[in-house]
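Starting from the known structure of chain A, fit chain B onto it as the hints suggest.
One-letter residues, chain by chain:
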Amino acid sequence: MRIRAFAAVLAATAALPCAAMAADLEVTHWWTSGGEAAAVKELATAFDATGNKWVDGAIAGSGSTARPIMISRITGGDPMGATQFNHGRQAEELVMSGLMRDLNDVAEKGKWKDIIKPASLLDSCTFEGKIYCAPVNIHSWQWLWLSNEAFKTAGVPVPKDWNEFVAAGPKLREAGLQPLAVGGSAFQVNGLFDTLVIALGGTELYNKVYKDKDEEAAAGPEMAKIFAAADDARKLARGSNVQDWNQATNLVITGKAGGQIMGDWAQGEFQQAGQVAGKDYTCLPGLGLNKTLTTGGDAIYFPVLKDEAKSKAQEVLAETIVDPKVQVAFNLKKGSVPIRGDVDLAAANDCMKKGIEIISKGSTATSTDQLVSADTQKQKEDLMSEFFANASITPEQAQERFASIIGSAD
Amino acid sequence: MSRTVPSATPSRPLPKSSGRPNQLFRNLNSKIALTPMILVAAVVFFGGTIWTVIYSFTNSRLLPRASFVGFDQYERLWASSRWIISIQNLLVYGILSLIFSLVVGFVLAALMDQKIRFESAFRTIFLYPFALSFIVTGLVWQWILNPEFGVQGIVRSLGWTSFTFDPLYNPDIVIYGILIAGLWQGTGLVMCLMLAGLRGIDEDIWKAARVDGIPMWRTYIFVVIPMMRPVFITTLVLIGSGIVKLYDLVVAQTSGGPGNASEVPAKYVYDYMFQAQNLGQGFAASTMMLLTVAIIIIPWAYLEFGGKKRG
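Heads up: the sequence lines are chains A and B, in that order. Under this note's numbering, think of the first position of the first sequence as 1032, with each following residue one higher. Under this note's numbering, think of the first position of the second sequence as 327, with each following residue one higher.
Source of the hints: derived by calculation from the structure; they are not laboratory data. There could be a bad hint or two in this list.
What the hints assert, rightly or not - Label-pair restraints from in silico Cβ distances: (1) Asp1338(A) x Tyr573(B): 56 to 64 Å; (2) Gly1207(A) x Arg525(B): 34 to 42 Å; (3) Asp1055(A) x Leu417(B): 46 to 54 Å; (4) Lys1161(A) x Val395(B): 25 to 33 Å; (5) Asp1055(A) x Ala359(B): 38 to 46 Å; (6) Lys1242(A) x Phe394(B): 39 to 47 Å; (7) Gly1438(A) x Phe394(B): 17 to 25 Å; (8) Lys1084(A) x Tyr596(B): 30 to 38 Å.
As the list claims (entries may be wrong) - Part of the chain A face toward chain B, derived, beta carbon under 10 Å: (9) Thr1096; (10) Gln1408; (11) Lys1409; (12) Phe1419; (13) Ala1420.
As the list claims (entries may be wrong) - Sample of chain B residues lacking proximity to chain A, with all beta carbon distances greater than 12 Å (derived): (14) Leu350; (15) Pro362; (16) Ala367; (17) Val369; (18) Phe371; (19) Ser386; (20) Leu388; (21) Ile411; (22) Gln440; (23) Phe444; (24) Asp538; (25) Arg544; (26) Ala587; (27) Ile621; (28) Glu630.
Where is the CB? At the ideal position from N, CA and C, for every residue including glycine.
So that you can see chain A by itself, here it is in the shape it has in the complex (with noise of 0.2 Å):
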């Protein structure tokens, strides 16, 4: 104890005037990709600039490989100093049984009720009124990636948004290249359905199903349509042998496959790529037809933590987390849009101006995570791997399991 005492007294003088204590942090992630590790870098050399270290705790794989491993470590009693979650209901029971601690210090001097926007990546934090996590930036699933490469191939225009792509697809064909790039993984076809929804169906049809859980909604015409769109998404999906997303997102950008339905975290695997938006490659936010985007993301949760060096080093981290500049330097990097209003993206790219612009229109919808259980989330994805991957099932017998998910769903 006295060693820790007399080395955080040396860090301490050492270190910038802010950090009081300092002290080694670790933060699991699961940003393993080439624009994701990236933009963790920056938030790391933020985060080693107040004094205190960052000890990088990356799990590769996607969220569904890390997520296990985090949550074991805190109900085991090993917590990490902090945790990424996406926005949501992922860390709902953590949080209910005390695991987490809460921020409220931190977000009242950093006035976050006021700076953060949308106000629902905040709600979502939000515990019986107190605040359990520091959002980092904001998501949208609703994005149609094209290369325009394959499409000069095929000698068709590039598309202006779904309807036309699914005409091309044929010709893409043709030319001996895969239309549609989806990887093996469940959540990507997951997130491409509900892009379908949102995109093809509306908002108010996505509300319908996914934040009242109407059986009704989810088994009526109108979904049977995003369904039929599902059916013309499997097909032009076939033969795309790939399992990661961002080996998915590689063949558009090599010009392999006419496009990707994808968040745009794939954004930042065309800037590594060094791809310019408008020229090498084109995104249609909402598929081009409805624009409007989901705001999920990723926040960082902080555990419950008995060492009180560490527990400060939290709320140092909280608070660069929410920086302004850690908060540009970061999403530019990842793709990803930041969390307050308020700061200046002049250098961000076309696909990113126009994801910010739509946001800070307000149209806008809260994420799946948000809205539906983990659970609930298991199943669909279960549903849609199958039904994307064995073409024997109907659309119909898919919507009719999918009504008796949104039915049991909560």
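Same frame as chain A, but now just chain B:
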């Protein structure tokens, strides 16, 4: 190795004639030494199992919670198409891997037993895959079976451009792609066990068979195999437990895909317990796995061990 037919479960040594010492204090040292093991077995295995079964009747989500909902979790489990697919896959994989690893393992062992040259070199080669974990095995076979870089790609580059072999990307046959990897990994061990069993057969039996003019294959099937019963039982238990816990191979090769086509029960348990944050559902699935194993093991164990005592 003993060359006689195995005697029944080791019979208790006869008590010494000088009075009847208290049974409780016989071999006291070894009993004391065993206490921690017995405690661990009781608490960890039985306690854990019973706890899991009890909580499978609750609606526990991320954390266990004792609010009971009857058979709801089981109803949902059996209504889930993913679970049904998992069970079917396990059946296909289980039956085929049992048959093939026994047959292939035995044939390999019989070939090795023909006093061939470089036997130890062959033995090492066949056993080598067993030194790899399932994850590594899975990755290796994922590459071999990958249509672009693996077998299909090589054959196509040799000029046969219509050649198609992509089991891991075809939902109808994906489970066989996993079976190939499983067999590749496991057969070597079966072969070694069988070889040990064959070496335990007395030379005289072979000589007697030769004198009687019985062809070699008949000697194997009607004389040698029945004599190798204990070896077969050991092998069966090893293969069987390997089948039930099949998980990492699937994760490494296909992660359950394409779609749900290569899902297995153990993966269902993990995914629902930790990814879906629904412990109740995961517990229900693992209880069903336990039940299935029990249904197979208990009657068999009863016949195998229970019958002998009386006979």
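How the hints compare with the structure:
1. Asp1338(A) x Tyr573(B): 56 to 64 Å: 36 Å, violated
2. Gly1207(A) x Arg525(B): 34 to 42 Å: 58 Å, violated
3. Asp1055(A) x Leu417(B): 46 to 54 Å: Since aspartate 1055(A) and leucine 417(B) have Cβ atoms about 51 Å apart, the given range 46 to 54 Å holds.
4. Lys1161(A) x Val395(B): 25 to 33 Å: 30 Å, holds
5. Asp1055(A) x Ala359(B): 38 to 46 Å: 44 Å, holds
6. Lys1242(A) x Phe394(B): 39 to 47 Å: The hint (39 to 47 Å, Cβ to Cβ) is violated, given that lysine 1242(A) and phenylalanine 394(B) are roughly 30 Å apart.
7. Gly1438(A) x Phe394(B): 17 to 25 Å: 22 Å, holds
8. Lys1084(A) x Tyr596(B): 30 to 38 Å: 34 Å, holds
9. Thr1096: 9 Å, holds
10. Gln1408: Interface hint status for glutamine 1408(A): holds (7 Å vs cutoff 10 Å).
11. Lys1409: 3 Å, holds
12. Phe1419: It holds, given that the least Cβ distance between phenylalanine 1419(A) and chain B is near 6 Å, below 10 Å.
13. Ala1420: Holds - the Cβ of alanine 1420(A) comes within 10 Å of chain B, reaching about 3 Å at its closest.
14. Leu350: 40 Å, holds
15. Pro362: 23 Å, holds
16. Ala367: The claim holds: alanine 367(B) sits with its nearest Cβ about 23 Å from chain A, beyond 12 Å.
17. Val369: 18 Å, holds
18. Phe371: Non-interface label stands for phenylalanine 371(B): nearest chain A Cβ at 20 Å, farther than 12 Å.
19. Ser386: 10 Å, violated
20. Leu388: Leucine 388(B) is in fact no farther than 12 Å from some Cβ atom of chain A, at 4 Å.
21. Ile411: 8 Å, violated
22. Gln440: Since the minimum Cβ distance to chain A is about 44 Å, glutamine 440(B) lies beyond 12 Å and the statement holds.
23. Phe444: The assertion about phenylalanine 444(B) holds, with a minimum of 40 Å to chain A.
24. Asp538: With a cut-off of 12 Å, aspartate 538(B) remains clear of chain A, as the shortest Cβ separation is near 57 Å.
25. Arg544: 47 Å, holds
26. Ala587: 6 Å, violated
27. Ile621: 26 Å, holds
28. Glu630: 39 Å, holds
Hints 1, 2, 6, 19, 20, 21 and 26 from the earlier list are contradicted by this structure; the remaining hints agree with it.
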